[in-house]
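Chains as they are written, first to last, in my numbering: chain H, 1 to 116; chain B, 1 to 113.
None of the hints are false.
Restraint-style ranges between C-beta atoms, simulated for each label pair: (1) B:G85 to H:P40: 18 to 28 Å; (2) B:K62 to H:P116: 41 to 51 Å; (3) H:P79 to B:R78: 38 to 48 Å; (4) H:S51 to B:K27: 22 to 32 Å; (5) B:S58 to H:R61: 29 to 39 Å; (6) H:Q3 to B:S66: 18 to 28 Å; (7) H:P40 to B:K44: 12 to 22 Å; (8) B:Q50 to H:I53: 21 to 31 Å; (9) H:A41 to B:S58: 26 to 36 Å; (10) B:G97 to H:G60: 19 to 29 Å; (11) B:R84 to H:E15: 36 to 46 Å; (12) H:S10 to B:G73: 35 to 45 Å; (13) B:R22 to H:A41: 11 to 21 Å.
Straight line, CA to CA, 25 Å or less: simulated DSS-like cross-link-like pairs of lysine-lysine: (14) H:K56 to H:K71; (15) H:K68 to H:K5; (16) B:K44 to H:K37; (17) B:K44 to H:K71; (18) B:K27 to H:K37; (19) H:K5 to H:K71; (20) H:K71 to H:K54; (21) H:K37 to H:K68; (22) H:K56 to H:K5; (23) B:K44 to H:K68; (24) H:K68 to H:K54; (25) H:K37 to H:K5; (26) B:K44 to H:K5; (27) H:K37 to H:K56; (28) H:K37 to H:K54.
Calculated directly from the structure, the hints in this document are not laboratory data. All figures in this text were calculated on a predicted structure; none of them were measured in a lab. Idealized CB from N, CA, C, for every residue including glycine.
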Amino acid sequence: DQQVKQNSPSLSVQEGRISILNCDYTNSMFDYFLWYKKYPAEGPTFLISISSIKDKNEDGRFTVFLNKSAKHLSLHIVPSQPGDSAVYFCAASELRGSSNTGKLIFGQGTTLQVKP
Amino acid sequence: NAGVMQNPRHLVRRRGQEARLRCSPMKGHSHVYWYRQLPEEGLKFMVYLQKENIIDESGMPKERFSAEFPKEGPSILRIQQVVRGDSAAYFCASSPGQGNEQYFGPGTRLTVT
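Please put together the full structure from these sequences, using the hints given.
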């Protein structure tokens, strides 16, 4: 049962343009969402997060949008740079009681290629 | 400020041997998580520990796998009697508190021959 889904295995964009990575989830108890970037043979690097009380969070070139009614989030990277080429994972955290357990549920990842 | 440290980076074991994977969290972090990534898949949660306590082990296989985070020293993920299906990348993450963003180590790539 895949609770977090990234339906696009890959995405290719031109340098300077916007990259939009999408993520859907099924568990309405998720209340904290994160995006990670991963290079081959390295661990995931935290990029940006958003709480379910917000619908947008921005950090430099990265913006995450959350649509709770659609159970959908997206990561926008603008402008895209060749160094952004990596696998991007979205992750969600379950709510249990009054606080998160800390357990992250990951999507399968989307490989982004930014062409110079 | 050193990040999350994992060792070894690569580990080769024959079927039936034991594998021990170590994780030192970031300075000031007392929450440790272990995840496994099988080839062509996303990361799957295994276990969540605080110092001397297992908080959530719902993702850990019931047999052969164990984890600890002692008062002193690194967190250890132990796999007894390894099988080929245990071959994967094992990632450790730490956070300063429950519900915060998690910071990952470089991973240990376990190969069972």
